[in-house]
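Enquirer: Those protein sequences? They're chains A and B, same order as listed.
For the first sequence, my numbering gives the first residue as 28, with consecutive numbering after it.
For the second sequence, my numbering gives the first residue as 28, with consecutive numbering after it.
No wet-lab data here; the hints were simulated from the structure.
Careful, some of the hints might be misleading.
One copy or two, it doesn't matter: identical chains are merged, so the pair holds either way.
Derived pair list, reagent style EDC-like, types lysine to aspartate or glutamate, alpha-carbon separation capped at 20 Å [as the list claims (entries may be wrong)]: (1) Lys117 with Asp143; (2) Lys50 with Asp79; (3) Lys117 with Glu99; (4) Lys50 with Glu130; (5) Lys85 with Glu74; (6) Lys215 with Asp190; (7) Lys136 with Glu181; (8) Lys215 with Glu203; (9) Lys231 with Asp187; (10) Lys171 with Glu182; (11) Lys155 with Glu225; (12) Lys140 with Glu130; (13) Lys215 with Asp143; (14) Lys231 with Glu182; (15) Lys31 with Asp57; (16) Lys227 with Glu130; (17) Lys215 with Glu184; (18) Lys227 with Asp187; (19) Lys136 with Asp187.
2 protein chains.
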Amino acid sequence: MAEKGILLIVSGFSGAGKGTITKAICNKYDNYALSVSATTRAPREMEKNGVDYFFLMKEEFEDMIRVDALIEFASYQENYYGTPKEYVLKNLAEGKDVILEIEVQGALKVHEKYPDTPMIFVTAPSAKVLAERLRGRGTESEEKVQGRLRRAVEESEFMDAYDYILVNDKLDDAVEALHRIVRTEHIKANRNSRLIAEIKSDLKQYVNG
Amino acid sequence: MAEKGILLIVSGFSGAGKGTITKAICNKYDNYALSVSATTRAPREMEKNGVDYFFLMKEEFEDMIRVDALIEFASYQENYYGTPKEYVLKNLAEGKDVILEIEVQGALKVHEKYPDTPMIFVTAPSAKVLAERLRGRGTESEEKVQGRLRRAVEESEFMDAYDYILVNDKLDDAVEALHRIVRTEHIKANRNSRLIAEIKSDLKQYVNG
Numbered sequence: 028m029a030e031k032g033i034l035l036i037v038s039g040f041s042g043a044g045k046g047t048i049t050k051a052i053c054n055k056y057d058n059y060a061l062s063v064s065a066t067t068r069a070p071r072e073m074e075k076n077g078v079d080y081f082f083l084m085k086e087e088f089e090d091m092i093r094v095d096a097l098i099e100f101a102s103y104q105e106n107y108y109g110t111p112k113e114y115v116l117k118n119l120a121e122g123k124d125v126i127l128e129i130e131v132q133g134a135l136k137v138h139e140k141y142p143d144t145p146m147i148f149v150t151a152p153s154a155k156v157l158a159e160r161l162r163g164r165g166t167e168s169e170e171k172v173q174g175r176l177r178r179a180v181e182e183s184e185f186m187d188a189y190d191y192i193l194v195n196d197k198l199d200d201a202v203e204a205l206h207r208i209v210r211t212e213h214i215k216a217n218r219n220s221r222l223i224a225e226i227k228s229d230l231k232q233y234v235n236g
Numbered sequence: 028m029a030e031k032g033i034l035l036i037v038s039g040f041s042g043a044g045k046g047t048i049t050k051a052i053c054n055k056y057d058n059y060a061l062s063v064s065a066t067t068r069a070p071r072e073m074e075k076n077g078v079d080y081f082f083l084m085k086e087e088f089e090d091m092i093r094v095d096a097l098i099e100f101a102s103y104q105e106n107y108y109g110t111p112k113e114y115v116l117k118n119l120a121e122g123k124d125v126i127l128e129i130e131v132q133g134a135l136k137v138h139e140k141y142p143d144t145p146m147i148f149v150t151a152p153s154a155k156v157l158a159e160r161l162r163g164r165g166t167e168s169e170e171k172v173q174g175r176l177r178r179a180v181e182e183s184e185f186m187d188a189y190d191y192i193l194v195n196d197k198l199d200d201a202v203e204a205l206h207r208i209v210r211t212e213h214i215k216a217n218r219n220s221r222l223i224a225e226i227k228s229d230l231k232q233y234v235n236g
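Excised from the complex, chain A in its bound form (with noise of 0.2 Å):
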């Protein structure tokens, strides 16, 4: 049953642990590829170029854009962030399943685009575990926590338009629950129709032949 990949995108609550789920997806199963964004900001501390982002500037983005080589993107402070095309419709035909870590907005525009995306909500079990994890970090002073805070209640109000809630609660429960939403939607019918195609002419041949 060789089948393409699915392309899937992960939203969530900053502190939620999105990137910790989808990192650690990753390091376990073969089957994953984690899509890289690309932005114009400069790079932080410790982030690798093509690891964290594809770091370029402003002229090669537009670039980009002209030549519809990205599946999205949009501009924040000043900087813009969007999806390289290629990577991720490359490892698609290879047959990985391909996690796009996105943002609300964009994760809308993507799933307008591919509607067969399947949308998956990280949130931690309630907002004073998420408050903890943003503290815990130890790099931003109570201001920022405070920000990402009221930005998660503006991001609460798109929950609906997810496809699956992941409570993360434990790591590794969190990535089993995600991977087995990935191998649930690869038996759906509507992923299937070749395989559907064949057990009907199999039938048919067998009995009339």
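Once you have looked at the hints, place chain B on chain A.
Expert: What follows is chain B alone, placed relative to chain A:
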């Protein structure tokens, strides 16, 4: 996260193993209840009332139709077959995932009434394997086997109406695939509107409190 159980429809070709799968999943996991159909046909050897079917008199069955006590019913070769509502609703309310093992026409009727019900179609890996399994039972004449295969050809026309295609190659793999479907259905956003509402209000309170 105490939530209501899910009703699920399992259909498939005779010989594909749907009965074996549904019995095995109920034995392996506590969260399932297998709906028992009612019929007016006579019990076969080894069949037990309340286990294989509820065996009813024609008048009893027609009473159930009259008081709307059946989710669906049909008549086939001068006998009634149907799904009693009470057992299903009681188990769903107790949080059980209730499996309706039901043929294609009944499945479509149930799905019309309960559109959220995931529909799973079980098939053997090939017509050859299906025929081998039917013959391997050793209980049926070649004529009956041919009849079942012709029926499979007819039923295959409805596979596209199902949500999931479950290829039953190895029993335990098929049981696990069905269990994954159910666990994944449980975290669908449209089954978790209460959870989403709680997260929204929790975040708002936390930020504003």
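Enquirer: A separate judgement is required for each hint: does it hold in the structure or not?
Expert: Evaluated hints:
Proximity of Lys117 and Asp143 under a CA criterion of 20 Å is satisfied intra-copy only: 18 Å inside one chain copy versus 35 Å between copies. Taking the shortest alpha-carbon separations for Lys50 and Asp79, only the intra-copy value of 11 Å comes in at or below 20 Å, while the best inter-copy value is 48 Å. In this homomeric assembly, Lys117 and Glu99 come within 20 Å of each other (Cα to Cα) only inside a single copy, at 17 Å, whereas the closest approach across copies is 47 Å. In this homomeric assembly, Lys50 and Glu130 come within 20 Å of each other (Cα to Cα) only inside a single copy, at 16 Å, whereas the closest approach across copies is 43 Å.
In this homomeric assembly, Lys85 and Glu74 come within 20 Å of each other (Cα to Cα) only inside a single copy, at 19 Å, whereas the closest approach across copies is 74 Å. For the identical chains of this complex, Lys215 and Asp190 are neighbours both inside a copy (14 Å) and across copies (6 Å), given an alpha-carbon limit of 20 Å. Taking identical chains as interchangeable, the C-alpha atoms of Lys136 and Glu181 lie at most 20 Å apart only when both belong to the same chain, with a minimum of 17 Å there against 41 Å between chains. When the C-alpha separation of Lys215 and Glu203 is checked against a cutoff of 20 Å, the pair qualifies both within a copy, at 19 Å, and between copies, at 15 Å.
For the identical chains of this complex, Lys231 and Asp187 are inter-copy neighbours only, at 17 Å across copies versus 43 Å inside a copy, given an alpha-carbon limit of 20 Å. For the homomeric pair Lys171 and Glu182, the shortest alpha-carbon distance inside one copy (16 Å) is at most 20 Å, but the shortest distance between copies (59 Å) is not. In the homo-oligomer, the alpha carbons of Lys155 and Glu225 lie at most 20 Å apart only across protomers (13 Å), although the nearest pairing inside one protomer, at 52 Å, exceeds that limit. Within a single copy, Lys140 and Glu130 get their C-alpha atoms as close as 16 Å, which meets the 20 Å cut-off; across copies the closest is 36 Å, which misses it.
In this homomeric assembly, Lys215 and Asp143 come within 20 Å of each other (Cα to Cα) both inside a single copy, at 11 Å, and across copies, at 15 Å. Proximity of Lys231 to Glu182 under the C-alpha cut-off of 20 Å is restricted to the inter-copy arrangement: shortest distance 11 Å between copies versus 51 Å within a copy. In this assembly of identical chains, Lys31 and Asp57 lie within 20 Å of each other by CA distance solely inside one copy; the values are 15 Å within and 35 Å between copies. In this homomeric assembly, Lys227 and Glu130 come within 20 Å of each other (Cα to Cα) only across copies, at 17 Å, whereas the closest approach inside a single copy is 41 Å.
In this assembly of identical chains, the alpha carbons of Lys215 and Glu184 lie at most 20 Å apart only when taken from different copies (16 Å versus 28 Å within one copy). Taking the closest pair of Cα atoms, Lys227 and Asp187 come within 20 Å of each other only across two copies (11 Å); inside a single copy the shortest separation is 37 Å, beyond that limit. Within a single copy, Lys136 and Asp187 get their C-alpha atoms as close as 15 Å, which meets the 20 Å cut-off; across copies the closest is 28 Å, which misses it.
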